[in-house]
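Number of protein chains: 2
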Amino acid sequence: MISRQQLIDQIKQKRSFLCVGLDTDINKIPQFLLDYPDPVFEFNKRIIDATKDLCVAYKPNSAFYECMGVKGLQSLVATWEYLPKDILSIIDAKRGDIGNTSDKYAQAFLDEKSSGMSFDAITVTPYMGNDSITPYLKYDGKWIIILALTSSIGSKDFQYLETNEGLLYETVIKKANTWAGADRLMYVVGATKSTEFTAIRQYAPDNFLLVPGVGAQGGSLADVCKYGITKDCGLIVNASRSIIYASNGPDFAEAARAEALSIQQQMEAELEKAGIL
Amino acid sequence: MISRQQLIDQIKQKRSFLCVGLDTDINKIPQFLLDYPDPVFEFNKRIIDATKDLCVAYKPNSAFYECMGVKGLQSLVATWEYLPKDILSIIDAKRGDIGNTSDKYAQAFLDEKSSGMSFDAITVTPYMGNDSITPYLKYDGKWIIILALTSSIGSKDFQYLETNEGLLYETVIKKANTWAGADRLMYVVGATKSTEFTAIRQYAPDNFLLVPGVGAQGGSLADVCKYGITKDCGLIVNASRSIIYASNGPDFAEAARAEALSIQQQMEAELEKAGIL
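Line order of the protein sequences matches chains X and V. Going by the working numbering, the first residue of the first sequence is number 2, and it counts up by one from there. Going by the working numbering, the first residue of the second sequence is number 2, and it counts up by one from there.
It is worth saying that the hints were derived from the structure and are not from the lab. Please note that the accuracy of each hint is not assured.
Because identical chains cannot be distinguished in the list, a pair is counted as satisfied if it fits within a single copy or across any two copies.
BS3-like, lysine-lysine: derived pairs with alpha carbons at most 25 Å apart [as the list claims (entries may be wrong)]:
{"#": "1", "residue 1": "Lys139", "residue 2": "Lys157"}
{"#": "2", "residue 1": "Lys232", "residue 2": "Lys143"}
{"#": "3", "residue 1": "Lys114", "residue 2": "Lys29"}
{"#": "4", "residue 1": "Lys139", "residue 2": "Lys29"}
{"#": "5", "residue 1": "Lys72", "residue 2": "Lys114"}
It should be emphasised that the depicted structure is a prediction, and the values quoted were computed from it without experimental measurement.
When you get a sec, could you build the whole thing from the sequences and use the hints?
As C-alpha cells, this is what we get:
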C-alpha cells in the first residue's frame with residue numbers, strides 16, 4: 002500500500018515521476034529468454050531490476066498477460082510478487098461493470114488472498130458510473146485510476162462529446178471527484194492533448210494524473226509538465242515500449258535502464274523547474 | 002462460430018431467446034461440489050447439461066473467474082471447452098482499451114491458439130471509441146456486444162447525459178453502427194428501462210440486443226418484448242442468479258432447469274405473440 006505522501010516522497014527521492022509500463026509481449030522479447038520456464042516473468046524481472054531506482058510506479062497491462070491464458074496469468078502473478086512493495090504497482094485493467102461484478106474484479110486485482118495479487122492501484126473505465134467504480138474503494142488505501150481522456154484515435158468518438166454538464170471527460174472527472182478524494186482517485190489523461198491539462202486541472206487540481214502516451218505514443222514531457230504539474234508533482238508519466246523494447250538483444254535490460262535514465266533526467270529537470278526539488 | 006442466421010434458427014427451434022449467465026461464485030455453489038478438483042467447473046458443467054436445450058446462449062462473467070486467480074482462469078477455460086459449440090458463447094468481459102491492447106484482449110477471449118479460449122462473442126465498453134472496439138472485428142464471424150444502456154444505478158451518471166448528438170447511449174449506438182453491421186454487432190441494453198427500447202430500436206432496428214436484468218435485477222420480460230422484439234426476435238435475454246442459484250442443495254441442476262424452463266415458456270409465448278413461431 003502506497004499512500005499519497007509515500008508517493009510524493011518517492012518522487013522527490015528518486016527525482017522522477019516515471020511509471021514503467023510492463024506491456025510485455027512474448028513475441029517482442031529477446032529470443033534467448035524463451036529458454037526460461039517463464040520467459041515473460043524473466044523479462045519483467047530483469048526490467049524491474051534495471052529500473053527500480055529510476056521509477057515510482059510499475060504498470061503491467063493486463064491484456065498482455067491475459068492473451069496467453071493460464072500461462073500468462075501465472076506470469077502476471079509472478080510479476081506482482083516480484084514487484085518491490087515500496088513502489089506503486091498499478092494494474093492496467095480498465096475494468097468496469099455493475100457493483101457485484103466490480104466486487105469480483107476488485108478481488109481479482111486487489112486481494113491477494115483471493116487471486117494471489119494485490120496491486121496498489123487499478124485502472125477503471127467510467128461508462129457504467131458510480132457502482133462500477135466505488136467497490137474498489139472498500140480496499141483500504143488502494144488507488145482507483147479512472148479513464149478520463151485517452152491518447153488514442155478513438156478518444157474523439159465519445160470523450161469529447163459536449164454534454165449538458167461539459168465535455169464528457171470533464172463530466173467524468175467532476176462526478177468522480179464527488180465519490181472520493183485525491184488520496185484515492187487518479188485519472189488517466191492522454192499526453193497528446195497537453196493543452197487540455199489546463200482545463201483538467203480546474204476540475205482535478207490535486208489528483209495525480211496517470212499520463213500514458215509519452216514516448217511511443219508521441220506525447221511531449223515538457224508540455225505535460227507545463228500544463229499539468231502541481232506543487233506535489235501530481236503526475237505519473239508512463240512509458241512502456243520505448244523503455245522495455247529499447248533493445249531486443251541480450252543487452253535489453255541495460256538499454257531499458259539507459260532509456261529510463263534519460264527520461265528520469267528530463268523529469269528531474271522538470272521537477273527542479275517547478276520548484277519541487 | 003454462430004452466424005446471425007444460426008442464432009435465429011436456434012431461437013425458433015428451441016422456442017427461446019434465453020442466455021444463461023454463468024456468474025459462478027464458489028461461495029454460493031452447493032457445498033458438496035467443493036470435494037471436486039474444480040468445483041466451479043463442476044457446477045457449470047451440470048448447469049449446462051441441465052439447460053442446454055432451453056437456451057440459445059451461455060455467458061460466463063469473466064470477473065467471477067478472475068477473482069480466483071490462476072485457478073479461476075482454469076475453470077473458465079474448462080467451461081469454454083465444455084460449452085456446446087452450436088450454442089452462442091459470450092464472454093462477459095466488458096473490455097475496452099487502445100488498439101494494440103484490444104488486439105491482446107481479442108487474443109485472450111477469441112483466439113484458442115493464444116489463450117485456450119475462443120468465445121463467439123465478447124462484451125466491450127465504448128468509452129475509448131473506435132480503436133478500442135474494431136480490433137475484435139478482425140476475428141471472422143465473432144460478435145462484439147457493446148455496452149449501451151445498463152440496468153445498474155450508475156447508468157444514470159453518464160449514459161443518460163445529453164450530448165450534442167443525443168443521449169450518450171444513443172450516440173454510442175449511432176456511432177458504433179457505422180463500424181459494423183447487425184451481423185457482427187449487438188448492444189447491451191438494460192431491461193429495467195424497457196420503454197427506452199422504442200428509442201433504441203430507432204437507431205438499432207436490426208441488431209440483437211443482449212438484455213441483462215431480467216430476474217434478479219428486476220426487469221420484466223413482457224415489457225422488453227413489447228418494445229424490443231423484431232421479426233427476427235432481435236433479443237437475447239440473460240438470467241444468471243435466478244437460474245443458477247435456484248437451489249443450493251444437491252438438486253441445484255434440476256432447480257436451474259425448472260427455472261430456465263419457466264422462462265423459456267414465457268419466451269415461447271412472446272415469440273408466438275410476435276408471430277415468429
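Structure-based check of all given hints:
no., hint, result
1, Lys139 with Lys157, "between (33 Å within a copy, 22 Å between copies)"
2, Lys232 with Lys143, "within (22 Å within a copy, 49 Å between copies)"
3, Lys114 with Lys29, "between (32 Å within a copy, 18 Å between copies)"
4, Lys139 with Lys29, "between (38 Å within a copy, 21 Å between copies)"
5, Lys72 with Lys114, "both (20 Å within a copy, 13 Å between copies)"
Violated hints are absent here; each numbered hint is respected by the structure.
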